[in-house]
Amino acid sequence: QSVLTQPPSVSAAPGQKVTISCSGSSSNIGDNYVSWYQQLPGTAPKLLIYENNKRPSGIPDRFSGSKSGTSGTGTLGITGLQTGDEAEYYCGTWDNILSAVVFGGGTKLTVL
Amino acid sequence: QVQLQESGPGLVKPSQTLSLTCAVSGDSMSSGGYSWSWIRQPPGKGLEWIGYIYYSGITHYKPSLKSRLSISVDTSKNQFSLNLSSVTAADTAVYYCARGGVRVVDEFDYWGRGTLVTVSS
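Those sequence lines, one after another, are chains F and L. Numbered according to our numbering, the first sequence spans residues 1 to 112. Numbered according to our numbering, the second sequence spans residues 1 to 121.
Note that these hints are calculated values from the structure, not bench results. For clarity, every value in this text was computed on a predicted model and none was experimentally measured. Keep in mind that a hint or two might mislead.
As the list claims (entries may be wrong) - Mimicking DSS-like on lysine-lysine, the simulated pairs with C-alpha atoms at most 25 Å apart in a straight line are:
#	chain 1	residue 1	chain 2	residue 2
1	L	66	L	45
2	F	17	F	108
3	L	45	F	108
4	F	46	L	45
5	L	66	L	13
6	L	62	L	13
7	F	46	L	62
8	L	45	L	13
9	F	46	F	17
Construct all of the structure, not just a fragment, from the sequences and the given hints.
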């Protein structure tokens, strides 16, 4: 069971928008930055969002991130969905109590 | 362009030591601007962080693995290594090496392709 909780799956039609939540606590998301990763089948994860809402160069602005203050919830948003966005998405952060990097269990995005 | 490449045996016997190396190119580890992590993913499951090392040799391990784990760095070869002892079938996974921040260590901007390690007799 993961320290960070993500919905197992989400789906939406091409062109639509989807959000993926990542729920933690005050010892992890509530006190640290959240990052998001995209893992296409058979490949290594790819950094999509860092420091809650920043995009590395080359990541389109269709991808966005946010964090709800100190409540311990991060959210990944994807607009203009494409079939190529079908992948597993993971959130990650540092946990002050566990003294470790922790990840969510992953969310499988299906673009119908 | 920064590239990371894992290497090591794909099959390890139970109770033995799993050893992997990550070769870094396109960036000098001794520049000191990053942390270097190992992350694994059991087949069909999620990501699990194992530990990180700085070029200085300072390490931080996942507490539940600490007793079996050793990560080292060879700055002359621009690579870092993982040793995990007393392995069991539960250690079967794709092992990734990744570059993280020096302060925010969990922001992994470059990853290796991963190498599958199977623990089996």
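Structure-based check of each hint:
1. L/66 <-> L/45: holds (22 Å)
2. F/17 <-> F/108: Roughly 15 Å between the alpha carbons, so the hint for residue 17 of chain F and residue 108 of chain F holds.
3. L/45 <-> F/108: The given pair, whose Cα atoms are some 12 Å apart, holds under the 25 Å limit.
4. F/46 <-> L/45: holds (17 Å)
5. L/66 <-> L/13: Distance ~20 Å between residue 66 of chain L and residue 13 of chain L Cα, so the pair holds.
6. L/62 <-> L/13: Given that 25 Å is the threshold and the Cα spacing comes to 23 Å, the pair holds.
7. F/46 <-> L/62: Status holds; Cα separation ~22 Å.
8. L/45 <-> L/13: holds (22 Å)
9. F/46 <-> F/17: Answer holds: residue 46 of chain F to residue 17 of chain F is near 20 Å, not above 25 Å.
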